[in-house]
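A.B. asks: Two chains, each in its own frame: build the complex with the hints.
Chains as they are written, first to last, in my numbering: chain A, 31 to 456; chain B, 61 to 286.
Relax, there's no trap hidden among the hints.
In silico SDA-like pairs for lysine to any residue, Cα to Cα no more than 20 angstroms straight-line:
#1 276/A <-> 243/A
#2 392/A <-> 86/B
#3 63/B <-> 384/A
#4 196/A <-> 225/A
#5 278/B <-> 375/A
#6 452/A <-> 173/B
#7 213/A <-> 261/A
#8 267/B <-> 375/A
#9 63/B <-> 387/A
#10 441/A <-> 172/B
#11 207/B <-> 61/B
#12 207/A <-> 59/A
#13 270/B <-> 334/A
#14 212/A <-> 69/A
#15 63/B <-> 397/A
#16 113/B <-> 158/B
#17 201/B <-> 448/A
#18 392/A <-> 63/B
#19 441/A <-> 215/B
#20 441/A <-> 201/B
#21 200/B <-> 436/A
#22 173/B <-> 453/A
#23 250/A <-> 294/A
#24 270/B <-> 213/B
#25 348/A <-> 391/A
#26 270/B <-> 381/A
#27 200/B <-> 438/A
#28 364/A <-> 217/A
#29 127/A <-> 110/A
Everything labelled a hint here was simulated from the structure, so no lab data went into it.
Chain residues, written in single-letter form:
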Amino acid sequence: MKILLLAFNVQEDIFPYGLSYLKGYAQRFHPETDIRIKEFSFGNRFGYDINKNIEQQAISYILIQKPDLVCFSCYIWSIEMVVKISRAIKIINPEIKIILGGVEVTENHLQESHCDYITTGEGEIALKELIDYYKGKIKLSEVHNISYLEKDQNVQNKIVQNELTKLELDTLPFPYKVLPEKKNFEAVRIETSRGCPFGCHYCYYAKHKEMRYFSLDYLKENITYLFDNYTFKNLTFLDANFNLNKERMAAILQIVADNVNKTKKKTRINLELKPELIDQEVIAILQKQPFKTFAELGLQSTDPDVLEKSSRPYNLEKVKNSLELLNTSSVLYKIDLMAGLPGDNFYKFLNSARFLLNNAKKQSILPVHHYMQLNKTTFCQNKEIYRYEKNNSSMIIKTDTQDLLDFYKIKLFVAMLNEELKIENR
Amino acid sequence: MLKSNLVDVTELNTKLNKETNRFKDNLVIKINKKEDLDKLILPDQRIKGIQLKLSLLKEVKQLRFNYYSIIVDNNVEHLIVSFDNLKKGAFVEILLPLTTYRQINDQQDILSKVNRVIIELNNQEQIKQLNEIFSDLILKKFYPFTKGVPFCQTQIEHCWELFNQQNIIITKKAKECQDCLLTEYCNYQNNNQDSSQNQQFEVKPIKEIKPELINFLKDENTATRF
Chain A
31 MKILLLAFNV
41 QEDIFPYGLS
51 YLKGYAQRFH
61 PETDIRIKEF
71 SFGNRFGYDI
81 NKNIEQQAIS
91 YILIQKPDLV
101 CFSCYIWSIE
111 MVVKISRAIK
121 IINPEIKIIL
131 GGVEVTENHL
141 QESHCDYITT
151 GEGEIALKEL
161 IDYYKGKIKL
171 SEVHNISYLE
181 KDQNVQNKIV
191 QNELTKLELD
201 TLPFPYKVLP
211 EKKNFEAVRI
221 ETSRGCPFGC
231 HYCYYAKHKE
241 MRYFSLDYLK
251 ENITYLFDNY
261 TFKNLTFLDA
271 NFNLNKERMA
281 AILQIVADNV
291 NKTKKKTRIN
301 LELKPELIDQ
311 EVIAILQKQP
321 FKTFAELGLQ
331 STDPDVLEKS
341 SRPYNLEKVK
351 NSLELLNTSS
361 VLYKIDLMAG
371 LPGDNFYKFL
381 NSARFLLNNA
391 KKQSILPVHH
401 YMQLNKTTFC
411 QNKEIYRYEK
421 NNSSMIIKTD
431 TQDLLDFYKI
441 KLFVAMLNEE
451 LKIENR
Chain B
61 MLKSNLVDVT
71 ELNTKLNKET
81 NRFKDNLVIK
91 INKKEDLDKL
101 ILPDQRIKGI
111 QLKLSLLKEV
121 KQLRFNYYSI
131 IVDNNVEHLI
141 VSFDNLKKGA
151 FVEILLPLTT
161 YRQINDQQDI
171 LSKVNRVIIE
181 LNNQEQIKQL
191 NEIFSDLILK
201 KFYPFTKGVP
211 FCQTQIEHCW
221 ELFNQQNIII
231 TKKAKECQDC
241 LLTEYCNYQN
251 NNQDSSQNQQ
261 FEVKPIKEIK
271 PELINFLKDE
281 NTATRF
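Looking at chain B on its own, in the form it has when it is part of the complex (with noise of 0.2 angstroms):
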């Protein structure tokens, strides 16, 4: 995927360009709440995007964007009716839990107006269902990328995070993860003290890696598209 910038729509006027009047490449813009759009300047500066939750999708009418990142909960109920407030031609991109996606997969009228689909898993019962979500995705044509697994449970290329080392943070690793190799670049977070099902992934250090891989994991810091 190519790159984009997350930004709080806060911090908004910190990346304008004073000279130019223009915003920094890439630019995506988290509306949080629905006051956040208030604050947005006009699409005519050249964002890339907006990332919102979905509940938040109908009150972007006016406002007419090339890129969407849609944050989709587990209620799924106007997704469909959202999409049509959407630019004809805009690129959508969801973002949403695998329970979620489960509700919505075989309805063809919601995945046909999407570009992209990223499915996040948080727990490792999630992870034995990869090959089934992988399969059901490149049925329907999507490039299968996940979100929130760590590196050493999945086949990396298809993270979300690889893709998006500018947007994460690399938090303080688990014991077990010492050794790994990507430390700098996996975003696991690894809470010990919660022993709910959630948030929880047996990891383990990554000792061989491909030379590619790690190529192209240090150029996504650089200034460059991809």
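Isolated chain A, as found in the complex (with noise of 0.2 angstroms):
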């Protein structure tokens, strides 16, 4: 049997981390089966040509290689192209199996681009369980973390859900151990856990609140063979809050500073971190690591019925403290506020940005983003927010108390302030 697992970034040189998951943990238990990765880099997203240059070569690169199925990643700069390369796929060769994959993916998905199956919880187990079936070790109705279209008596394509189960994450394999090829990469990805307690309403995360992590023995081994093996100068934990245990926070950076100063590498890690959890001795385990760290911290609003709405749990006081800590220490970092909540309003943005020009002294602009509803999210529920892609995860165009006009006046305004805020740190 033979797989392709693809992917499509925007960037170049990325080591493609989840499809190494998925390549990794497929082959432990049929290793005798041909699994490739290929991605492809297309730079910009709207760069017409370039992008219809990019899907005539994935697709011409799948029917040269003739495979049994092919895997694709789907994130929210790709899944357009990948919709419209899975429908030619099936047109051009119905016999080659397509399943889409990837947070961005909804059964939306299935109908348009006549994909098979696409997956709903998490793909390791999905793309083993898959090769189970056509080896005929097991039925497609026992394949965990699918859905799929099935014909019923009435010849109406009906959505079959399987059901869903998680990975104990230690049996998965280090994808740094997957791929032998290429070594050297300007940055390096790793998650030591899955899952996030809170519940913000925007966010994918909010769905996977049962915290799972992976052993502090599994990151010490592979951390160090990263070291051992990779060359690199960014590390970035992918980890959604990685000061929620404080302990473990420290024991995972004294595994990152032992390799450090082993091995000389000069390196930063970059790190999300939840600002009302950032205290003295938060301060203390980063400030004292022989490596720099940027750490991105989210506050969104500072009002708080965007911010209920949200179901964001917040401390303001504590978010500024923290704020303070950061300012006065060698640790840089980034706060963003996202524009156009339910609930939001231009007066409320205004609180928001200014209480962040008075805090987050360190930043020299004011990173703002407009809200963008993704896919998965519980406010994928709320009749009163639309965005601009009916299926895709997209800019809203219009909440309970904006509409567009006022997201486009804010970007406006955060572009002037930033031109303005640029002749401030000169």
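C.D. replies: In structure tokens:
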């Protein structure tokens, strides 16, 4: 059996982290199966000519390879392209089976893309069990974490949703051991846990409140492997709230520090931190390391009503204290606002912006994002929110309190403000 | 917009912190005549920038500021040439009457050098043109700002005065404004004796406002950057 795992990236030279998990886990159980990873980089997703060329390349590659199964890893920037490619493949060679996976994929894509399956949970299990199915070991209904269309008696397509299940994280092979070829990247990423205990309605993580962790032994072995075998300048931890547990955070950073000291690699670590959970101890942990740290923090808004509607827990006083601590530390950071959440308005945004300008003193600009409604988030059920594209994650165009004109004016306001901030920092 | 504290050049010394030899933050010096430029201390003392009439801009060749607030009257003849004098990468704001904006609004070579456009209106008739003005500014990627329009006659988020409470003088209000919730913040000047078309707006008290607007306005006079 031959399987292709494909993804499309905006940037060049990205390690295929997610696809490596899929390949590594499946090959543990099916070592004879030919599983190949191929990533395409197209730079600017709005470059029409570039995109069309990439699409033709990808389709041609698939047709030449003649795989039994193609798995596409789908993101916001690639879903439109993947849907079209999938449909094209099924028209040209319907024998090739196609599965779409990733956080962006929903059941709406089943019809549109003509694909055979979509993943609905962890793709590692889905791929491994799909191979089991094609080998005749299990029935299709027993493959976890997928959905597919089935014709019922009336020849209508019915969506079948198979059962969901989750992995023991330590059973996953470390992605950087799966692909032996290239070992030199500008940036590498790893996760030390999955899930998020907070239930923010705009975030995909809210669907996975149960926290699961890779063990410290697993992390020690594999972070050491990464440092011993790869060259990189940036190491990003993908965890949603790296400082959820201070002791664990300290232990993981100690593993990194030991490796930095041993290999003498000049490294910058990028983390996502919950601002309310930053205290003197966290700062001390971050500051004592032999590497630079860059922290991404989310604030989104300072308005209680907006945050409540988003179900985002917050404590503004704690955020203020955290920023004060960060401002006098060696830790670099970025703290974002999100404009256009339900209940928001221009004056609430101004007050939030003022809070950041007055307190996030290390930031030389004001980072503001236009709220984008992501697939599979709680806000997708909110009938007062409309987004630009029906089936794909995209910018919102209307909420209970604002519409696109308001969002665009905020965008212009922020651009002007950031131009003015630039001269202040000269 | 970020806070700018406008002061006359004659008041400059009063704003100097003698201990640090630095000026208070965000100081923008008003240059009223050529001689004021001579009194101006060099920018290494960290003033934000200067505000001056367009006609004086040609005099600032030797002085390099990061911020220019340029008051444009009806004569735009030398506007594009004047901008060549400015420090590269400086932030440029222009304040101009609506009639003047109409003269230059299709001149991309001028507007491409500007970061902020503030349009001054001075009568009710001009209010009717606001939608057209705003759509024009948005198409040119400018956030729409107006100056001189009472809060009750427009969307307050577009009022220059919303962001410059420290630079406006709250005058005695017309009788019509007595019940207005924003009396303390609006700089509408009603001159009942002046029957000319200029300086006339139809005011009415604002009886309902969003609490977050008041929160923002109340903070305006504190030592914040914004």
